[in-house]
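Chemist: Take the sequences, apply the hints, and build the full model.
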Amino acid sequence: MNKLNKDEMIKRYIYDVTRRLPQKSRSDLEEELRGNIYDMLPDDYTAQDVENVLQTLGNPAKLAAEYKDERRSLISGAYYDQYCFVLKIVLIAVAVGMVIAFIVGAIAEPLDAATNSLVSTVSLSIAEFFGSLISGLAQAFAYVTIAFFLIERYNIRIDSREWSVADLPPVPEDKALIKKSDPIGGIVFTVIVMLLFNLAPQYIAIYITTEAVEAVPLFNLEYFYAVLPLINIAFLLGIVREILRVVSGRHTLKLSITTTLFDLVAMALVLPVYFNPSIWNPTLLTDLGAAPWFTAEFAAGMQPFWSVFYIMFAAIILFAYLLDIGTTLYKGIRYGR
Amino acid sequence: MDMDATVKELVESLSLELRRGTIILSVLSQMKQPKYGYSLVQVLEQKGMSIEAGTLYPLLRRLEKQGLLKSEWQTDSNKPRKYYSLTTLGSDVYGELCTQWNKLVDGMKHLMDGGAQDE
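Here the protein sequences come in this chain order: B and D.
Convert by adding 110 to the 1-based position in the first sequence; the result is the number in my numbering.
Convert by adding 218 to the 1-based position in the second sequence; the result is the number in my numbering.
It cannot be assumed that every hint is accurate.
Calculated cross-link-like contacts (lysine-lysine; reagent style DSS-like; alpha-carbon spacing at most 27 Å) [to be verified]:
1) D/Lys288 <-> B/Lys134
2) B/Lys178 <-> D/Lys297
3) B/Lys178 <-> D/Lys321
4) D/Lys283 <-> B/Lys178
5) B/Lys134 <-> D/Lys283
6) B/Lys121 <-> D/Lys297
7) D/Lys250 <-> D/Lys226
8) B/Lys198 <-> B/Lys285
These aren't lab readings, by the way, just hints derived from the structure by calculation.
Modeler: Next comes the structure, spelled out in structure tokens:
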């Protein structure tokens with residue numbers, strides 16, 4: 111082996127170490143490491159000498175880790191248990207939600223595609239289903255991980271001061287504890303609704319029977335898709351809010367203020383959407399006209415109710431948020447100390 | 219035979235742990251005169267306290283970050299080298315650590331002798 115090959119080996123080793131390190135310190139460290147390696151070699155070194163030296167220095171990944179000397183895991187031990195717990199719930203909820211969406215879709219689909227043979231439609235959608243199941247689970251995994259990462263980085267840094275016995279929280283009364291089932295229920299429900307909104311908004315509908323079952327979508331899908339990202343952010347905020355509740359495990363003032371802030375942001379995002387008439391299917395009434403029960407008298411009777419229907423839907427959502435804020439603040443103040 | 223192997227294995231891993239605590243003290247003790255990475259590896263090896271290069275080089279940088287060591291590039295020879303030496307802070311800390319170490323040794327002696335007397 112000639113000299114170039116030996117030096118190439120060293121170059122590669124140094125690169126493999128420094129590429130894992132922050133840019134800032136890289137060039138100085140590169141220089142130093144190169145100096146150290148050449149120092150360790152005899153004057154007339156062979157390729158074998160180089161190999162021995164690099165072997166002594168060991169695995170580049172390990173050496174780089176020594177240089178970094180940082181916390182290595184994304185989710186540290188302090189939150190790991192809750193992270194696993196929430197991850198489990200969310201993944202199960204996503205899987206269950208998608209199975210439900212699939213079954214609903216499979217029931218509705220053959221009606222649309224009467225020309226295709228039923229078998230090929232079903233087998234095709236099973237393949238599709240597994241594809242979207244995998245990507246759905248991967249996304250859920252990513253969102254939960256990011257959520258915990260952010261919680262750890264920005265929110266709950268109360269442990270950074272010197273710990274003292276005075277910091278020990280009082281053993282909470284039973285009422286101050288958050289039953290795990292509440293946030294779990296919240297997460298499962300949110301995930302399922304979110305899946306429905308994202309995967310099959312056309313089935314959020316009023317179902318009417320003419321010759322076949324027909325779905326009259328509630329939403330104006332074009333507008334709906336345009337605002338879907340906003341709605342999704344609100345859903346994610348809701349999930350993070352529930353995760354915070356799981357992590358905290360009890361009502362505190364801090365938790366109630368934080369979750370209230372989450373609710374306010376989510377409200378600011380989605381209420382303008384739901385209060386905007388454009389989100390509703392403009393042809394809903396005419397489409398419903400096809401149903402045998404939708405007689406002229408019925409339509410006339412519905413008319414006054416109809417004009418407030420949109421607002422009612424939005425009002426229900428507004429009310430749900432206000433209820434959550436109210437109970438959270440009440441419990442936070444009542445049991446927070 | 220198996221028993222011996224177990225004893226040997228345990229002693230090896232436990233004494234490694236003992237030595238790990240002495241690494242920083244070993245390094246600081248040799249840094250009154252400026253040294254570059256590999257020269258420190260050699261000195262420590264000669265004195266029977268060998269520390270792996272892969273542990274030592276990163277450690278030097280960490281100690282510099284903590285302000286215990288300072289470094290200087292020397293480029294006059296054909297091999298540019300980064301020399302490390304104790305800062306004032308480093309030598310204060312080293313002095314205090316030596317006191318701690320002696321206390322530790324005395325304490326351990328006392329414990330071990332006392333343990334023998336109890337038997």
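Chemist: Hints first: check each against the structure and report whether it holds.
Modeler: Now for the hints, and whether the structure bears them out:
Of the pairs offered as hints, the one joining D/Lys288 and B/Lys134 holds, with about 18 Å between alpha carbons and a cut-off of 27 Å not exceeded. Distance restraint check for B/Lys178 and D/Lys297: the Cα-Cα separation of roughly 26 Å lies within the 27 Å cut-off, and the hinted pair is therefore satisfied. A hinted pair counts as satisfied when its Cα atoms are at most 27 Å apart, and B/Lys178 with D/Lys321 does not qualify at roughly 33 Å. Pair hint D/Lys283 plus B/Lys178 holds up; C-alpha atoms about 12 Å apart against a cutoff of 27 Å.
Using a Cα cut-off of 27 Å, the hinted pair B/Lys134 and D/Lys283 holds, with the two alpha carbons roughly 14 Å apart. Pair hint B/Lys121 plus D/Lys297 holds up; C-alpha atoms about 16 Å apart against a cutoff of 27 Å. The hinted pair formed by D/Lys250 and D/Lys226 fails the criterion: a straight-line CA distance of about 37 Å is larger than 27 Å. Between the alpha carbons of B/Lys198 and B/Lys285 the distance comes to roughly 26 Å, so the proposed pair stays at or under 27 Å and holds.
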